[in-house]
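Q: Each chain, letter by letter, is given below.
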Amino acid sequence: KAGVTQTPRYLIKTRGQQVTLSCSPISGHRSVSWYQQTPGQGLQFLFEYFSETQRNKGNFPGRFSGRQFSNSRSEMNVSTLELGDSALYLCASSLDTQTDTQYFGPGTRLTVL
Amino acid sequence: GENVEQHPSTLSVQEGDSAVIKCTYSDSASNYFPWYKQELGKRPQLIIDIRSNVGEKKDQRIAVTLNKTAKHFSLHITETQPEDSAVYFCAATQRGYYSSASKIIFGSGTRLSIRP
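Residue numbers (the numbering used here), protein chains in the order written: chain A, 1 to 113; chain B, 1001 to 1116.
Calculated from the structure, these hints are not laboratory results.
Warning: the hint list may mix true and false statements.
To be verified - Taking lysine-lysine and the DSBU-like style, the derived pairs with C-alpha atoms no more than 30 angstroms apart in a straight line are: (1) K1042/B x K57/A; (2) K1103/B x K1057/B; (3) K57/A x K1068/B; (4) K57/A x K1071/B; (5) K57/A x K1103/B; (6) K1068/B x K1103/B.
As the list claims (entries may be wrong) - If you want a taste of the chain A side facing chain B, the calculated C-beta under 7 angstroms gives, among others: (7) G40; (8) G42; (9) F45; (10) N56; (11) T101; (12) F104; (13) P106.
Fair warning: this is a prediction, and the values are worked out from it, not measured in the lab.
Glycine residues also receive a C-beta, built at the ideal position from the N, C-alpha and C atoms.
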């Protein structure tokens, strides 16, 4: 099976702009979670989508949003970018059965100038 | 709020020795505890996980123990090898079949270095 893919892999934006990141889960996986990874804050949970519905949300401002499509692909959007949004954004997919193993994508490295 | 504390933040061990990383969680409803390994420049990968209905789980050189009463769990790596060098993250969450999953909380990570 193909693994989790994320596009783009690298992105450079300026403050105030918005950005959309994409995640394609492993075929058959219905749950997609998004994480922000920074050297100072580690791995932080952004949100999880399951069957096109946001099932849970971390402690991030409303500038961070997401959605999931019927094919389980997910997008994450960040509006009004700030310098502090520079990070590696990882998505992970899982079947969402009692196995619940999450498989991570390679991440999108976002740099905000 | 929910919190997962992980110690130590850095760990250096001689090749062949054992390494132990410890995590403490605050949410007593947590029932699933995965451990991830992230090599430099790569994505996190699940190496082992444990559910709250068991106290220990082993997979070759890796083992995880869970103490529900004390709300802590530990990763044990025996006979360490150079390829074990990486950052290790613990996590805690509440998972269940068709449940409204709680947010997953990660520890801050442990950078493990294996000295030759």
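Q: Against each hint, give a clear statement of whether it holds in the structure.
A: Results for each hint:
1. K1042/B x K57/A: holds (25 angstroms)
2. K1103/B x K1057/B: Since the Cα atoms of K1103/B and K1057/B sit roughly 24 angstroms apart, the hinted pair holds (cutoff 30 angstroms).
3. K57/A x K1068/B: holds (26 angstroms)
4. K57/A x K1071/B: With Cα atoms ~24 angstroms apart, K57/A and K1071/B stay inside 30 angstroms; holds.
5. K57/A x K1103/B: With Cα atoms ~7 angstroms apart, K57/A and K1103/B stay inside 30 angstroms; holds.
6. K1068/B x K1103/B: The given pair, whose Cα atoms are some 19 angstroms apart, holds under the 30 angstroms limit.
7. G40: At about 10 angstroms, which exceeds the 7 angstroms cut-off, the nearest Cβ of chain B leaves the hint on G40/A violated.
8. G42: holds (5 angstroms)
9. F45: holds (5 angstroms)
10. N56: Since chain B brings a Cβ to about 5 angstroms from N56/A, closer than 7 angstroms, the hint holds.
11. T101: For T101/A, the interface hint holds, since the closest Cβ of chain B sits about 5 angstroms away, which is under 7 angstroms.
12. F104: F104/A check passes; min Cβ-Cβ to chain B is 4 angstroms, inside 7 angstroms.
13. P106: holds (5 angstroms)
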